[in-house]
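Enquirer: With the sequences and hints as input, model every part of the structure.
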Amino acid sequence: DAGVIQSPRHEVTEMGQEVTLRCKPISGHDYLFWYRQTMMRGLELLIYFNNNVPIDDSGMPEDRFSAKMPNASFSTLKIQPSEPRDSAVYFCASSPLETRDTQYFGPGTRLTVL
Amino acid sequence: SQQGEEDPQALSIQEGENATMNCSYKTSINNLQWYRQNSGRGLVHLILIRSNEREKHSGRLRVTLDTSKKSSSLLITASRAADTASYFCATTSGGSNYKLTFGKGTLLTVNP
Chain A
278 DAGVIQSPRH EVTEMGQEVT LRCKPISGHD YLFWYRQTMM RGLELLIYFN NNVPIDDSGM
338 PEDRFSAKMP NASFSTLKIQ PSEPRDSAVY FCASSPLETR DTQYFGPGTR LTVL
Chain B
1153 SQQGEEDPQA LSIQEGENAT MNCSYKTSIN NLQWYRQNSG RGLVHLILIR SNEREKHSGR
1213 LRVTLDTSKK SSSLLITASR AADTASYFCA TTSGGSNYKL TFGKGTLLTV NP
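Line by line, the protein sequences give chains A and B. The numbers in the first sequence follow our numbering, run straight up by one, and end at 391. The numbers in the second sequence follow our numbering, run straight up by one, and end at 1264.
By construction, these hints were calculated from the structure, which means they are not laboratory data. Among the hints, erroneous ones may be present.
As the list claims (entries may be wrong) - As a list, the in silico DSSO-like pairs of lysine-lysine whose alpha-carbon atoms are at most 27 Å apart:
no.	chain 1	residue 1	chain 2	residue 2
1	A	K355	A	K345
2	B	K1256	A	K355
3	B	K1251	A	K301
Expert: Written as structure tokens, this is what we have:
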């Protein structure tokens, strides 16, 4: 299996621009998670989906952040408008129902907002 | 918010030595997991221990859990240079087995 795929791997944008991060989970996995990692705050769960339905978005920092999962093989995390404090590494992870405790992480997208 | 706190923040050892990392947490948990992150990469799941377990082994890894002290330790025996990475503990609690709360990690450097 190819594992969790994220794109782009690096994104540099200017403050105020819209940013869209993409994730393809492992085929057959029922759960999808979005995390943000910074030096100051560590790894934070932003939102997670079960069978394409958002279950818990309490970690989404502001209304500027939104996430969608239109089908089982694709999810997006959008930031509009972006701010310098959004600079971080964003990870997508997925897990199957059978071993739902264990999450499989993608390589991450390093976002820099200037 | 952080649930787990790893100790030490950084650890440097020689190849062949054992490495021990500790994790403390604040609230009752369902399970505790350890993940490894190589520089610039995603996290890789290493081992999971449930709240009713006290010790678990996987290859060169040994995890202990003391729920009375709200702490866990990860022991890597006979370390290798390839073990150089950051190690994170993560917990689930309450009604969710999916919502992981991570600590800030221990950076392990294994010198050849």
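Enquirer: What hint numbers does the structure not satisfy?
Expert: none
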